[in-house]
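K.L.:
The residues making up each chain are set out below.
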Amino acid sequence: MGDKAGPWQRLAAGLRRLTPAELAARLTCLTLLFSPVGDWFVRPATMALAGAGLLLPGAWRSPWLWGALALLTGARVIADWPLADNHAYLLFYWCVALVVAAALRDPEVLARNARLLIGLMFAAAAWQKWTSPDYPNDVFFLTTFLLDPRFTDFTLLFTTLTPDQIEAGRAYLEALHREPGTVPQFPFELPASFRLLATASTWWNLFEQTLVAASFLAPPGSRLGRLRDAAMLLFCFTIYAVAPVPSFGWLLLAMTAAQGTPTLRARLWLLGCFAILGFYYEVPWAGLLLEASAR
Amino acid sequence: MPGGETVRAGARGRLRQVSGWLPVLLLASGLGVHLWQVRAHQLSPWLGAGFGMFASTDVGSVRRVEVFAVLADGTRYPVLLGSPYEDALRRARDLPSGRELERLAGVAREALAAQPDIAFPETPRHLRVEVWRNRYEPGSLQASSSMIATRDFAFDDGG
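Here the protein sequences come in this chain order: A and B.
Going by our numbering, the first sequence wraps up at 295, each residue one higher than the last.
Going by our numbering, the second sequence wraps up at 159, each residue one higher than the last.
The hints are simulated quantities; they were obtained by calculation from the structure and are not laboratory data.
Glycine included, each C-beta is placed from N, C-alpha and C at the ideal position.
Certain hints may be false.
Partial list, computed: chain B residues near chain A (C-beta under 8 Å) [said to hold, decoys possible]: (1) S19; (2) G48; (3) S61; (4) V62; (5) G82; (6) R91; (7) Y136; (8) T150; (9) R151; (10) A154.
Simulated restraints, written as ranges between beta carbons of each label pair [stated by the list, open to error]: (11) A:P184 / B:T123: 37 to 43 Å; (12) B:A28 / A:E174: 34 to 40 Å; (13) B:T6 / A:G51: 22 to 28 Å; (14) B:L80 / A:L157: 37 to 43 Å; (15) B:A154 / A:A241: 49 to 55 Å.
So here's chain A without its partners, still in its complex pose (with noise of 0.2 Å):
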């Protein structure tokens, strides 16, 4: 009874005293826990190790916990070679460096790999965001929108768009036309506002991404390089409000952990980002927001 610290003192003092490294691999077995990989074979498996790694002492240090994962995730790119997606590949990469550092004992390891595969990693988005000949100039996102049914919602509430016009607009685009003179023109034209927030969505993603491969590839004393947490949170929490990929958001945070201030208020900060990527997912506010503005 000599305890009189109450629930948040406790959680404050539990998180005081995670290491970097303790709190990314328990992070990366939530991420695991609350989106498993793989197929029916491999997603029971990745799902026992995750809990493992989480409930019992001490095993989020062992080689063999991330050596058996780095297996299975390493499988499931290999099956799908090489259409797996980008997400498929990068938790791999990351397993690969909780081996490695548990292997060799360093959380100095994990730090370094973690910086640099994010900052690798957002380096070459941004690349192919920047030259790719259908990006700076809108057309990715004023397609995207109309053609990706999970952005529907976001677009309805933010445009002038009708849902029918989404509608016809998906099917003009999707459209095989092998006759390259009888190709009807687009099918209505593209109001202000869609134009206006597609023009804001490149931008914001073109700024977003490029900070944060500067500030995670700058040393780590650097102005530029202390930016790294803050950069990564406001992506997250801007980026996974409208797309709907927690999963790839959570591992970069448990990423971005491996390397972060360990202060206690950057950690509220970040727990606090990833609960609000799984908010994001399973709350659908612009559905909620669009019909509450209907009334």
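Using the hints, position chain B against chain A.
P.N.:
Same frame as chain A, but now just chain B:
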């Protein structure tokens, strides 16, 4: 032997140093392979290890794979492949390399063999696989389609 121990310790140190960079080396290799596959085999930039997701309109939903049985006079009959063949279709669509197109042609032959009630006026000369993608004009979003890969396969022997 102290000299041997020194050599072994040096080798272990170098191994430690190299293994510490393994994740970054994997990422760099994956990126290189992705860029090569995009250039050489029209891999969709969204896929593979290039982190090009959400960067290009060249995505699966605006690519199309078509398979035709072609007669000696050039007449073409579309070969419609259903859900059992989805994986071969998806792979040919997203990575239309010679190997994936050949795999799809093999699957199409199997599908036709499994449905003997499909009758052509004569035995087709070959199977043609075509992969198309759409592009859009900036501003107007005027669409155009272009063939990004095509290959003919002998109808009977897979050659």
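K.L.:
Confirm or reject each hint.
P.N.:
Going down the list of hints, with the structure as the test:
A cut of 8 Å between beta carbons decides the hint on B:S19: the least distance to chain A is about 5 Å, and the hint holds. Interface restraint check for B:G48: the shortest CB-CB distance to chain A comes to about 5 Å, inside 8 Å, so the restraint holds. At a threshold of 8 Å, the smallest CB-CB gap from B:S61 to chain A is about 6 Å, leaving the interface hint in force. Interface restraint check: B:V62 against chain A, minimum CB-CB distance 6 Å, threshold 8 Å, status holds.
Violation of the interface hint for B:G82 is found here, the shortest Cβ-Cβ separation to chain A being roughly 19 Å, above the 8 Å cut-off. About 6 Å separates the beta-carbon of B:R91 from the nearest beta-carbon of chain A, less than 8 Å, and the hint is met. Taken as an interface hint, B:Y136 checks out: its beta carbon lies about 5 Å from the nearest beta carbon of chain A, inside 8 Å. Nearest Cβ of chain A to the Cβ of B:T150: about 13 Å, over the 8 Å cut. The hint is violated.
This hint is violated: B:R151 has a C-beta 18 Å from the nearest C-beta of chain A, more than the 8 Å allowed. With a cut of 8 Å, the hint placing B:A154 at the interface with chain A is violated, because the nearest CB-to-CB distance is about 25 Å. About 38 Å separates the C-beta atoms of A:P184 and B:T123, a value consistent with the hinted range of 37 to 43 Å. Roughly 35 Å separates the CB atoms of B:A28 and A:E174, a value that falls within the hinted 34 to 40 Å.
Judged by the Cβ atoms, the range 22 to 28 Å given for B:T6 and A:G51 is violated: they are separated by roughly 44 Å. Remark: the range hint 37 to 43 Å for B:L80 to A:L157 is upheld by a beta-carbon distance near 38 Å. Taking 49 to 55 Å as the suggested C-beta distance range, the pair B:A154 and A:A241 conforms, at roughly 53 Å.
The structure does not agree with the numbered hints 5, 8, 9, 10 and 13 stated previously, though it agrees with the rest.
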